[in-house]
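Place chain B on chain A using the hints.
In order, the protein sequences belong to chains A and B.
According to the working numbering, the first sequence is numbered sequentially starting from 1.
According to the working numbering, the second sequence is numbered sequentially starting from 1.
By construction, these hints were calculated from the structure, which means they are not laboratory data.
Predicted, not measured: the structure shown is a model, and the values here were computed from it.
In this text, a Cβ means the ideal position worked out from N, Cα and C, and glycines have one as well.
Heads up, none of these hints are tricks.
Stretch-level coverage of chain A by chain B, calculated; a stretch enters the list once three of its residues show a Cβ under 8 angstroms from a Cβ in chain B: (1) 79-86; (2) 92-98; (3) 206-215; (4) 222-230; (5) 233-243.
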Amino acid sequence: MDLTTLAIAATPSFIASAVEFVEATTIVLAVGITRGWRAPLAGSALAALTLAVIVGTLGVALVTVVPEHLLLVLVGTLLLLFGLRWLRKAVLRFAGIVALHDEEEIYRKEVAELRAQGLRRTQWDWVGMIVAYKAVLLEGIEVAFIVIAFGAKGIGAMNAAIVGAIAAGIIVIALAAALRHPLTAVPENWMKFGVGAMLSSFGVFWFGEGVGAHWPGDAASIPLILGAYLVASWLAVRLLNGLLPQGARVEARNV
Amino acid sequence: MFSVLRAIWDNTYGLLVDDGQLAVGAIAALAITWLIAASSSEALRENAGWVLLVLVLALVIANLYRAGHNARRRTG
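For reference, chain A alone in the conformation it holds in the complex (with noise of 0.2 angstroms):
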């Protein structure tokens, strides 16, 4: 696979996983400036540890035991429901009908409780090292799910995959711990959006190639389908917006 190949096949990896890295950092850098750098960097190297063990049993077991129309179905129905949960949630954000994901607030937030925590010096910060564990745990979770679901074609995308994962990872830890401030400037709904978007025609697309489906020029399918999702995700923002009145905005449990 030459460099421009893989660039375009790590792409949609990349840009998914770069949304959880995103989240992941705010409460690692939280903890970090509150109550210093060593148990949180601790408990995120352990969630690296822990998510390299998952990823390389499950994903290596899913890629060579299971059979191949099997897997595309099972990876195909694990993708559309989580690309449908990420792509229900950004058209509601779009609408005004959920808050949007405030990556500032989430830090203030984060500070105050592990300041209102306190620390006593002479102790291995276990508080701070549980919170970055925990944190880079769930959020790397969905970055191995979007590896495998991206990857689970064959070892030439599972290589892609993992590779813009791994460049996801390494420019959003670059920028923060170069700025100290969490990443507020990504549009973080519109990736999410995106991604929704890209994991569910990737679900629909996999599934049906699963099941016998024919799809006219096979993988040049994919941006038809996700073209109809697009339309679909525009028409439903327009008949929210015409739904509710003028700046209306709802939690998102009321939904």
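Then chain B, alone, in the frame of chain A:
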């Protein structure tokens, strides 16, 4: 131990399901597609993917419409 397993389950479930009705609807659409592909003619089986796409798009729009209605009811 139970609480750890419970947390893992909750997180895995949360990873895939945000709205129960949407998830159930998506699984129903997948099941219908599988049935069409398994029990129909060659022509229908070959087009099962498009059937799935139409079902899922209809599901997404219907689900969001319901969410909008619920939101409107709550905002009065």
